[in-house]
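K.L.:
Listed below are the residues making up each chain.
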Amino acid sequence: MSFFTSSEILLSDKLLELLFIVMGLIVIYTGIKNLSDKTNPNRVGTAFFWVVLGVVLAFGRWIPAQVNGILVLLMTVPAIAKRVNKGESRLPTKAYMQKMSDKLGLKVFIPAFAIGIFAIIFALFTNLGALVGVGVGVLVAIMSLMLLSRDNKPMTFLNDSAEMLGTVGPLSMLPMLLASLGAVFTSAGVGEVISSGVKQVIPEGNVVIGIIVYAIGMVLFTMIMGNAFAAITVMTVGIGGPFVLAYGANPALVGMLALTCGYCGTLLTPMAANFNIVPVAMLEMKNKYGVIKNQVFVALFMLVFQIVYMIIFR
Amino acid sequence: MQDILTLLGVLIVIVGFALKLDAILIITISLIVTALVGGLGIDGMLEVLGTSFVNNRGMTIFILIMLATGTLERNGLKESAATFIQRFKNVSASVIIGIYGVFRMIMAAFNVSFGGVAGFVRPIIFPMTVGTLESKGLEPNPEYEEELKGMSSAMENICWFFGQVLFIGGPGGLLVQSTLKSLGYDVSLGTLAFYEIPVAIVALVVACGYFIWKDKQLMKKFYGKTKKEAK
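Protein sequences appear in the order of chains S and R.
Heads up, the final residue of the first sequence is numbered 314 in this note's numbering, and it's a clean run with no missing numbers.
Heads up, the final residue of the second sequence is numbered 545 in this note's numbering, and it's a clean run with no missing numbers.
Calculated from the structure, these hints are not laboratory results.
Since we're looking at a predicted model, the values are computed, not measured.
Glycine residues also receive a C-beta, built at the ideal position from the N, C-alpha and C atoms.
Hints are supplied without guarantee of correctness; some may be wrong.
[To be verified] Which chain S residues face chain R? A few, computed with CB under 10 Å, are given here:
(1) 141
(2) 145
(3) 301
[Stated by the list, open to error] For each label pair, taking beta carbons as the anchor points, the in silico distance ranges come out as:
(4) S:41 with R:318: 42 to 48 Å
(5) R:325 with S:35: 35 to 41 Å
(6) R:455 with S:12: 53 to 59 Å
(7) R:429 with S:11: 36 to 42 Å
(8) S:32 with R:429: 23 to 29 Å
(9) R:357 with S:168: 30 to 36 Å
(10) R:404 with S:167: 35 to 41 Å
Input sequences plus hints: build the corresponding full structure.
P.N.:
Right under this line is the structure:
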């Protein structure tokens, strides 16, 4: 409690922590709901996963780091053992959604846009930060949905989000796990090893060649791993930092574009199965690479464009 | 030798993903192996993992967003989007794909999704592109349909990837922010999204232009003779 009453802590940090508590409680609710859901084949594993994740989200700040580390490792256990599932779906019927669409029409886009708009407003005009803006936007979206239809009661939102979270499942923690893997790579010195290897290729102080190697490295590493998120930390610590940013390049521009250079790799690789292979099956296409084939030109064009953009505006 | 060993974790990730093992399993093993061969020890590993996980909680902001998105779908978001797209009927297939791309990218910038290929392309966009043929009295050609499927899915991916980075507070920006922070550079989420604006616009224009050009070539190839009367 002293955290929230202290005058030394910024309001933005307090509000952000409040958002994490709300998010943690949603996740804990998802766990408890699954525990009592008789249609879920793995009630205990599912509940354990969500409740532990919820505790780390809501109260992680006040838990010692090593205990958080143990909790994170513990929650990967039911996830790896495939013991995190969901029960029968309680989605509304197609007819209900069509009825609501006929009633609301394009008005439904007002709450949909609210979240993004408030994120922009808060990022540009306040010191509270974009994430607090997202939180306010969600609140506005909820209130406007309640005004648009009486069917939208507070429990509707909670149950719908628990339903969606159950659909995403354990993969919901993947981005944070990848970020943590990046942190471990950094502490263990993986970046330095890559740097010392790359040093033999890039002439010292040549930022242009540094940018090109960084961008192409992102594409290749992403193509191998199928995921730009897994590549960005290693590549930024190993190549972006020492060979580009260390010489005064704009970190926001180069760092962010490196990620979208990685996305060019995602467009080119069957390893990104969710985007490039699953649709082939879903659309019953004959050519396994029919989606990738249509992305090659755009991906290569965007890679060249982004390299030029980084070199000019670095 | 010690140096090379620290790359063992990277190797595990590459091999693991190549063998299509469970992603969480691969990452957890790589994390433990790297920490141990990199000299962090068990305590050091737990410390880094716990600290990093808690510092990166911002990446789960989507959980809060789900509080609204689930109910948005309940209130007919996808159906309304379909009604909107279906206003554009009397155009060529690639123009439908292009209009979908524009719409999709704007929505992605506001972090609104319609369920990707399964949720939107298969039930709505692909049938609409085939419908443009029928409305011109042309027989659907299976090879041409295959290309339409490929182009629609490609447009979906391109717009989602390059559009989502415009959403301030999206996972990509948050990951870049935390990576840069570990190197000592503090950047704001708004700035990160700002630099992506030209990238997103160019991606959209190039994709639309390319698919419209490609569609013209395909029309010539498959329907060459009937093209004039079709117009």
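K.L.:
Next, verify each hint and record whether it holds.
P.N.:
Evaluation of the provided hints:
no.	hint	result
1	141	holds (4 Å)
2	145	holds (6 Å)
3	301	holds (5 Å)
4	S:41 with R:318: 42 to 48 Å	holds (44 Å)
5	R:325 with S:35: 35 to 41 Å	holds (39 Å)
6	R:455 with S:12: 53 to 59 Å	holds (58 Å)
7	R:429 with S:11: 36 to 42 Å	holds (37 Å)
8	S:32 with R:429: 23 to 29 Å	holds (27 Å)
9	R:357 with S:168: 30 to 36 Å	holds (32 Å)
10	R:404 with S:167: 35 to 41 Å	holds (37 Å)
Going down the numbered hints, you'll see the structure goes against none, and every one checks out.
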